[in-house]
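Enquirer: Sequence:
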Amino acid sequence: MKGLYFQQNSPNEDITFVFQERENLPVTEENYVKLQVKACALSRINTKLLAEMKMEKEFFPVGREIAGIVLDGPWPRFCGTFHRGSMSELCAVQQPVQTVKASHKFLAFSPIGSKVSFFRPDDEVVGILPLDSEDPGLCEAVRVHEHYLVHKPEKVSWTEAAGTVRDGVRAYTALHYLSPLSAGKAVLIMDGASTLGTIAIQLALHRGAKVISTASSLEDKQHLERLRPPLARVVDVSHGSARVAESCLEETGGLGVDIVLDAGVRLYREEDEPPGKSQLLPHKHDILTLLGVGGRWVTTEENLQLDPPDCHCLFLKGATVAFLNDDVWNLSNVQQGKYLYILFF
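Taking our numbering, I'd label the letters of the sequence shown as residues 1 to 345.
It is worth saying that the hints were derived from the structure and are not from the lab. Be aware that a few hints might be false.
[Claimed, not checked] Estimated spans, in silico, between C-beta atoms of each pair:
| # | residue 1 | residue 2 | range |
| --- | --- | --- | --- |
| 1 | His151 | Arg207 | 22 to 32 Å |
| 2 | Ser332 | His285 | 27 to 37 Å |
| 3 | Met55 | Lys317 | 35 to 45 Å |
| 4 | Val328 | Ala183 | 22 to 32 Å |
| 5 | His147 | Leu42 | 19 to 29 Å |
| 6 | Arg243 | Gln202 | 19 to 29 Å |
| 7 | Lys54 | Pro309 | 30 to 40 Å |
| 8 | Ser117 | Pro309 | 48 to 58 Å |
Think of the CB as a built atom: it goes at the ideal place given N, C-alpha and C, for glycine as much as any other residue.
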């Protein structure tokens with residue numbers, strides 16, 4: 001069976017995707033299980049984070065969000081070859097053009113660790129592989145610690161489970177752990193038609209919040225207007241984000257919103273922004289303007305820069321800024337229980 005990896009020799013080089021022809025995987029650890037992968041989501045590979053965490057490898061596994069079945073039966077140790085190919089071959093899943101061989105010994109192991117207590121063979125599960133996982137999600141079978149998995153709801157398809165688990169964790173982290181979401185609060189969710197935005201909107205509406213969202217196209221706006229229960233307001237930013245602060249203040253009677261979940265922000269003037277930065281994103285000053293007293297700004301902008309006047313504005317409002325890091329649960333063992341709580345509920 002084939003597993004997918006990527007290779008990057010230096011930070012400035014393009015990523016090369018690699019097929020690794022693998023035969024069977026061992027389960028040597030006591031708390032690990034072996035899964036037959038039914039669906040895997042291909043999320044962005046954060047090479048910068050991997051470098052900062054000193055986790056660079058020659059070949060790094062691709063695909064972390066998985067859904068599958070806990071397998072049973074003996075499973076011998078890995079043995080296989082590496083295949084190196086182009087991106088077009090990767091997308092078409094064709095034969096690779098170069099092969100690098102690697103041989104390993106065969107040893108038989110049980111597919112379920114002796115201390116696994118949450119799962120049994122044939123259980124349907126979903127989860128996210130950790131950053132240091134040796135196995136790619138884009139493979140027929142993987143080894144996973146049981147604490148990274150939960151049972152998949154029966155009525156949720158494999159594709160839906162794998163495709164939404166990461167953004168579901170992000171949305172719940174943002175609106176449960178990073179901000180005190182409750183009934184009656186006003187929430188601004190930027191780019192509501194995105195996967196993260198749609199899940200966050202549903203969670204906020206379920207909690208009884210008053211939801212305002214933005215749409216960057218007519219199609220996105222129509223999608224948001226069809227949601228039930230309806231949103232308080234959908235702000236069209238397809239021609240620029242100038243009206244976001246004005247619309248939020250108008251909707252809240254000038255009080256501002258209690259929670260903001262952004263999808264990135266602009267930090268500088270239009271002419272000073274780096275290439276590729278969307279002009280449809282709101283400026284940081286717009287967010288500070290529309291944020292209410294005691295409000296919480298949850299941002300995905302990892303390089304957010306706040307000047308002293310910006311901090312003074314936050315101080316006067318008693319407002320706070322929280323950073324939404326996708327992998328925070330994976331970077332500290334203290335966060336593991338929160339991650340499992342999100343997946344369970």
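Enquirer: If a hint holds in the structure, say so; if it does not, say that too.
Expert: Here is what the structure says about each hint:
no. : hint                        : in the structure
1   : His151 - Arg207: 22 to 32 Å : 24 Å, holds
2   : Ser332 - His285: 27 to 37 Å : 33 Å, holds
3   : Met55 - Lys317: 35 to 45 Å  : 38 Å, holds
4   : Val328 - Ala183: 22 to 32 Å : 27 Å, holds
5   : His147 - Leu42: 19 to 29 Å  : 24 Å, holds
6   : Arg243 - Gln202: 19 to 29 Å : 25 Å, holds
7   : Lys54 - Pro309: 30 to 40 Å  : 37 Å, holds
8   : Ser117 - Pro309: 48 to 58 Å : 54 Å, holds
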